[in-house]
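**Student:** Chains as they are written, first to last, in the numbering used here: chain A, 8 to 307; chain B, 5 to 325; chain C, 37 to 270.
Errors might be hidden in some of the hints.
[Claimed, not checked] If the Cβ cut is set under 8 Å, some of the chain A residues that face chain C in the computed set are:
(1) T182
(2) M186
(3) A187
(4) R189
(5) Q193
(6) E196
(7) V201
[To be verified] Ranges between beta-carbon positions, derived for each pair:
(8) C:P144 with A:I81: 34 to 42 Å
(9) C:E251 with B:A186: 57 to 65 Å
(10) C:E146 with A:I81: 32 to 40 Å
(11) C:K108 with A:I85: 31 to 39 Å
(12) A:L15 with B:G288: 47 to 55 Å
(13) A:L16 with B:L104: 35 to 43 Å
[To be verified] Non-contacting residues of chain C with respect to chain A, defined by C-beta distances greater than 10 Å in every case (computed):
(14) M37
(15) K54
(16) N72
(17) G98
(18) I101
(19) I109
(20) N126
(21) K134
(22) L154
(23) P158
(24) A161
(25) G173
(26) Q219
(27) L263
Since the hints were made in silico from the structure, they are not lab data.
We put the beta carbon where it would ideally sit given N, CA and C, even for glycine.
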Amino acid sequence: MFNEDTILLLYEITDVIIAGLSNGSVYALMAIGMTLVYGVTKAFNFAYGDFFNMGGYFAWILIVGLGLQFGGYITVLIIVLPLLFLVGYGLEKFMVAPLRKRADWENRVMMLTLGLALFLSNLYMVLFGTKLKSLPPIMDGILEIGQIVFSYQDIMIFVLSLGGILTFGWLLNNTRTGMAVRAVAQNPEGAKIVGINIKRIFASTFAISTVMVGFGGILLSQKLFINPTSGGSIMVKAWVVTAFGGMGSIRGGLYAAFIIGMMEAFVGWIFGMSYTIIALFVLLLATLVIRPQGLMGKGA
Amino acid sequence: MKLKQMAAIIVIAYGVLAVLPMFVGDIPYIMNILIMCLIWAVVASSWDVIMGFAGIFSFGQVAFFVMGAYCSAILAINFHIPPVFTIIIAGFFTAGMGVLVGLPCLKLAGPYVALVTFGVHMALQPLLKGQIGIALGSGGALGLLAIPPISIFGYTFGTDNIVPTFYLILVISMACALTIMAMVKSYWGLAFLALKDSQPFATSLGISAFKYKLMVFAVTSFLTGIIGGVYGHFYGVLSVRMLDLDLFSILMVMILAGGLGHFPGAIIGSFLVVAASELMAPLGVYRAVTMGAIVVVLVLALPDGVMGVFSKRLNNHAQKA
Amino acid sequence: MIKVSNLNAYYGQFHVLKDVNITVEEKGVVVILGPNGHGKSTLLKSICGLAERITGDISLNGTPISQLPTEKIVDLGVVYIAETRELFPNMTVLENLKLGAYSKHARPFEAQNLEKVLDLFPRLADRRGQMASTMSGGEAKMLAIARGLMSNATFLAVDEPSLGLQPNLRTEVFNTIQTINEQGMTILLVEQNIPQIAQLASKIYVLEEGQITFEGSKDEAVSDDHLKEIFLGM
Numbered sequence: 008m009f010n011e012d013t014i015l016l017l018y019e020i021t022d023v024i025i026a027g028l029s030n031g032s033v034y035a036l037m038a039i040g041m042t043l044v045y046g047v048t049k050a051f052n053f054a055y056g057d058f059f060n061m062g063g064y065f066a067w068i069l070i071v072g073l074g075l076q077f078g079g080y081i082t083v084l085i086i087v088l089p090l091l092f093l094v095g096y097g098l099e100k101f102m103v104a105p106l107r108k109r110a111d112w113e114n115r116v117m118m119l120t121l122g123l124a125l126f127l128s129n130l131y132m133v134l135f136g137t138k139l140k141s142l143p144p145i146m147d148g149i150l151e152i153g154q155i156v157f158s159y160q161d162i163m164i165f166v167l168s169l170g171g172i173l174t175f176g177w178l179l180n181n182t183r184t185g186m187a188v189r190a191v192a193q194n195p196e197g198a199k200i201v202g203i204n205i206k207r208i209f210a211s212t213f214a215i216s217t218v219m220v221g222f223g224g225i226l227l228s229q230k231l232f233i234n235p236t237s238g239g240s241i242m243v244k245a246w247v248v249t250a251f252g253g254m255g256s257i258r259g260g261l262y263a264a265f266i267i268g269m270m271e272a273f274v275g276w277i278f279g280m281s282y283t284i285i286a287l288f289v290l291l292l293a294t295l296v297i298r299p300q301g302l303m304g305k306g307a
Numbered sequence: 005m006k007l008k009q010m011a012a013i014i015v016i017a018y019g020v021l022a023v024l025p026m027f028v029g030d031i032p033y034i035m036n037i038l039i040m041c042l043i044w045a046v047v048a049s050s051w052d053v054i055m056g057f058a059g060i061f062s063f064g065q066v067a068f069f070v071m072g073a074y075c076s077a078i079l080a081i082n083f084h085i086p087p088v089f090t091i092i093i094a095g096f097f098t099a100g101m102g103v104l105v106g107l108p109c110l111k112l113a114g115p116y117v118a119l120v121t122f123g124v125h126m127a128l129q130p131l132l133k134g135q136i137g138i139a140l141g142s143g144g145a146l147g148l149l150a151i152p153p154i155s156i157f158g159y160t161f162g163t164d165n166i167v168p169t170f171y172l173i174l175v176i177s178m179a180c181a182l183t184i185m186a187m188v189k190s191y192w193g194l195a196f197l198a199l200k201d202s203q204p205f206a207t208s209l210g211i212s213a214f215k216y217k218l219m220v221f222a223v224t225s226f227l228t229g230i231i232g233g234v235y236g237h238f239y240g241v242l243s244v245r246m247l248d249l250d251l252f253s254i255l256m257v258m259i260l261a262g263g264l265g266h267f268p269g270a271i272i273g274s275f276l277v278v279a280a281s282e283l284m285a286p287l288g289v290y291r292a293v294t295m296g297a298i299v300v301v302l303v304l305a306l307p308d309g310v311m312g313v314f315s316k317r318l319n320n321h322a323q324k325a
Numbered sequence: 037m038i039k040v041s042n043l044n045a046y047y048g049q050f051h052v053l054k055d056v057n058i059t060v061e062e063k064g065v066v067v068i069l070g071p072n073g074h075g076k077s078t079l080l081k082s083i084c085g086l087a088e089r090i091t092g093d094i095s096l097n098g099t100p101i102s103q104l105p106t107e108k109i110v111d112l113g114v115v116y117i118a119e120t121r122e123l124f125p126n127m128t129v130l131e132n133l134k135l136g137a138y139s140k141h142a143r144p145f146e147a148q149n150l151e152k153v154l155d156l157f158p159r160l161a162d163r164r165g166q167m168a169s170t171m172s173g174g175e176a177k178m179l180a181i182a183r184g185l186m187s188n189a190t191f192l193a194v195d196e197p198s199l200g201l202q203p204n205l206r207t208e209v210f211n212t213i214q215t216i217n218e219q220g221m222t223i224l225l226v227e228q229n230i231p232q233i234a235q236l237a238s239k240i241y242v243l244e245e246g247q248i249t250f251e252g253s254k255d256e257a258v259s260d261d262h263l264k265e266i267f268l269g270m
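In isolation and in its complexed conformation, chain A is listed as follows (with noise of 0.2 Å):
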């Protein structure tokens, strides 16, 4: 019924979705970061990208810089992890909370994060030199089901996020820490006057941002590679995703990060991947211009 060339592109597509569905989901966990940490503190990080490398750097010293021979990569997170939560909080603590007293701090906290995106992007390059680094895939080997077929990698990476979200939605919703960053999100003033130490919600908040998109960048650059001056397209690649899922919008960012998995996944394929960055600006507009409160997003 088919021809062999029809039978070759469905496996090609095949792939295309499966790449789709397990960057995705490392999508959606740096846009929930982000959406946390943007509604939650009203401060905008431009070196989000860069923790997303600082990461994958992080689990490359361990692994093949150290040689680490001990646990793999569970023995990474267990040490990354909480590297990445103590640099978050150090920078809101020490950085972003003492500009917080300025009116126009919001623009100020964006040029202090864009001075930071430089510096690290450029000390990964120091310190790494300018050839991109790889990480070996978190588990070998393939899935048949069928003709198609799964890596274990891509299985991992999608099972890995999705755990992280659910872990940290669960959080939010049921523990006493969770409920006051929601507080803090909806009411600021409201949560200082119940008791609730906000700057402490704010480094906290922006700490577990850092370890999301961190703990994405150690999942996804096992596929990519680790490349010292992607933190700005990374950046704006969350960013997108957060836009067009809706500002705070947990859900709406889960389902935007597996539209534009998607997107990105064929876009690459059909016109080469230096388009992708061109048609995820194309979405930005013209979520920005059509429905600016993005996929499920409440409106200003």
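Starting from the known structure of chain A, arrange chains B and C on it as the hints suggest.
**Tutor:** What follows is chains B and C alone, placed relative to chain A:
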């Protein structure tokens, strides 16, 4: 700051630069640096007016600069139009692009504007490198290598006669600076101050934030496009590497060093930072890292830049007198 | 219980409170009257650690609290109940109440206080699953007071509880405040010009242009012609 003080600072800053060729006119390396000072002063001031004065968080200024440079160069190379005209066309082209980007942006909240304009910046490089760019004559990843120099009535301004070229660019740069000053100090400027003070009140006076912001976008894009064209014809080569974050960051440092929203601080910032950057050349690969760190430190420690320090002095002095 | 001495408060460039001195006795109801925009809310916020910038001394049972962050003050049992609706709009009534018990010293009493509060405001019990943003003005006011009570406070600073309420609801709110006071709560209350509230007061202060211009008992206030005319409407 009063108009007189502003004008005095601009004249003094350019005046100091204008006498330097008497001492260093025969050292092409230094003359090159001085010309860079003049060019970046315009880009940094335009950007500063957008961000600091109009309060629009645009990250598209480098993109506009590159658009202007490519537009002028492509027209001169492919259509053999004299650079004097292509530069002006580039100015209008870039102003048009500015309005095009500004239209969707100006109704959005700060971080969205930053994102869209940064998106323009990010998308421009693959666009110029790819098939579309090559079809337009961008030269792809290689860039443009043989851009004709500016020539007026048969007299060519190029690297061979760098001192006259310097003065030509000085005149253009200063004209741009004075245009910005006129804008900041005009009725528009007052409108902006009113908008900053109280948007509802200003709106009730019939001041439309949107209209003024769009105009500032257009004017600064125009100036940036013009100086971008000048840059291309002076250097003779252009590449998409200008869109790497190095240039972006160094311009940011210039604005912050001068004092965000403290025009003409950005002009002084540009002069200082170009010089500092040359002094930092021995740092090699660490230079860019240092630049990033300087941005962070400036935002935290010197929020109003040298102009902040300067105007504080001025105020203290005035109070004592 | 609360002693405020030489309190000055600033909002941006404005000098809102000028050398204010007030005392609130244990289990008392102190009412601060005064025109709008003369610093009444700022005074309450200063005590609760919510003002922008203050100088002077505030002490709670002898312990200085003026330099403590808000969360520490809440932990000591001093709670602000807002004039404006500082609730969490996209959370349920129950979640809002639970957040009221966020401070460390209130946590162990969360269940107990919840029961007490729902007893006091049966209407909130019916609506525990409803989003705070969908409540009426009167209900939101009740929720604000209830949320304050969840903190296990011993001192409540209540900002214009009658603002925007219809007369019958006002009476209900005032009755509730009286009940809370009878149960042992110390209350500092701000009102603009409601005669009703004067009936509750153990002491009245008048705050005009950032300064205390009158201090005295309910009876003294009633016999003061200036006050009678302007604030008590008698």
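**Student:** Find the nearest Cβ of chain A to the Cβ of C:G98 and say whether that gap is larger than 10 Å.
**Tutor:** About 22 Å separates C:G98 from the closest Cβ of chain A, which puts it past 10 Å; holds.
**Student:** Does C:N126 sit more than 10 Å from chain A, CB to CB?
**Tutor:** violated, 6 Å
**Student:** Let me know if the C-beta of A:Q193 comes in closer than 8 Å to any C-beta of chain C, holds or violated.
**Tutor:** holds, 5 Å
**Student:** Would you say C:K134 is clear of chain A, with no C-beta pair closer than or equal to 10 Å?
**Tutor:** It is violated; C:K134 is separated from chain A by about 7 Å at its closest Cβ, not greater than 10 Å.
**Student:** Can we keep the A:V201 interface hint, with Cβ of chain C closer than 8 Å?
**Tutor:** Holds - the Cβ of A:V201 comes within 8 Å of chain C, reaching about 5 Å at its closest.
**Student:** Against chain A, does C:M37 keep a CB gap of more than 10 Å to every residue?
**Tutor:** Check passes; 19 Å lies beyond 10 Å.
**Student:** With 47 to 55 Å as the target window, see if A:L15 and B:G288 comply at their CB atoms.
**Tutor:** About 49 Å separates the Cβ atoms of A:L15 and B:G288, which means 47 to 55 Å holds.
**Student:** At 10 Å, judged by beta carbons, does C:L154 keep clear of chain A as stated?
**Tutor:** holds, 18 Å
**Student:** Does the nearest C-beta of chain C fall within a distance shorter than 8 Å of the C-beta of A:E196?
**Tutor:** Result: holds, 5 Å to nearest chain C Cβ.
**Student:** Per the hint of 31 to 39 Å, is the separation of the Cβ atoms of C:K108 and A:I85 within bounds?
**Tutor:** Cβ of C:K108 to Cβ of A:I85: about 34 Å, so the range 31 to 39 Å holds.
**Student:** Checking the smallest CB distance to chain A, is C:Q219 really beyond 10 Å?
**Tutor:** holds, 21 Å
**Student:** At the C-beta level, are A:L16 and B:L104 separated by a distance inside 35 to 43 Å?
**Tutor:** At 38 Å between Cβs, range holds.
Checked against the numbered hints given earlier, this structure breaks hints 1, 19, 20 and 21; the rest are met.
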